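Asks: Sequence:
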Amino acid sequence: MLNPKILQAGIKDVAFGDGVEVVQPVNLYGCSIGKGSFIGPFVEIQKDVLIGENCRIQSHTFICELVTIGSDCFIGHGVMFINDSFSSGGPAQGDKTLWMSTLIGNSVSIGSNATILPVAICDGVVIGAGAVVTKDITKPGIYAGNPAKFLRDIQS
131 MLNPKILQAG
141 IKDVAFGDGV
151 EVVQPVNLYG
161 CSIGKGSFIG
171 PFVEIQKDVL
181 IGENCRIQSH
191 TFICELVTIG
201 SDCFIGHGVM
211 FINDSFSSGG
221 PAQGDKTLWM
231 STLIGNSVSI
241 GSNATILPVA
251 ICDGVVIGAG
261 AVVTKDITKP
271 GIYAGNPAKF
281 LRDIQS
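Just so we're aligned, residue 131 is where the sequence shown starts under the working numbering, counting upward by one.
Please keep in mind that the hints were generated in silico from the structure rather than gathered at the bench. As the structure is a prediction and not an experimental result, all values here were calculated from the model.
With a Cα cut of at most 20 angstroms, we get these calculated DMTMM-like pairs of lysine to aspartate or glutamate:
(1) 142 x 195
(2) 142 x 174
(3) 265 x 253
(4) 226 x 178
(5) 265 x 283
(6) 265 x 195
(7) 226 x 174
(8) 165 x 202
(9) 142 x 178
(10) 165 x 143
(11) 279 x 253
(12) 165 x 148
(13) 269 x 202
(14) 177 x 151
(15) 177 x 143
(16) 226 x 195
(17) 165 x 151
(18) 177 x 195
(19) 165 x 178
(20) 177 x 225
(21) 165 x 183
(22) 279 x 266
(23) 269 x 283
(24) 269 x 253
What follows is a set of in silico ranges between Cβ atoms, one per label pair, in the way DEER data are often shown:
(25) 149 x 269: 27 to 35 angstroms
(26) 250 x 137: 27 to 35 angstroms
(27) 280 x 138: 39 to 47 angstroms
(28) 217 x 147: 32 to 40 angstroms
Heads up, the beta-carbon is just placed ideally off N, CA and C, and yes, glycines get one too.
Sequences are here, hints too, so could you generate the full structure?
Replies: This is the structure we're talking about:
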């Protein structure tokens, strides 16, 4: 029987702002998390990810490389960020030149189990639970569905 290579989940090379709370177990490496943010259990945040101040990242969320999240954001349970759009007809197979970036603005809330493809989302957006965001969102408001579509403005 062959012995597998065992890698440990954990926290490595992370820049934390003041007052960050992390509930383990997590897998955080090479990322930056702004002050006052909260990271729930079973979250993976990969290298070069930037998370702004006062964000809340709920459990079971996956944030891949090339994602930037602004300040005052809420990321619900089980949200998946994608950086490989299979532009060559299949997975990039480690060719990071085929990966694309995602930019989330400030004061964005993303509901549980949403999937965020490589897009830009402007400030002041609410993404409904289970939505699949396939295109840039340039107007504040509420979006839901697969693919996510504008539903209405946010009432103040």
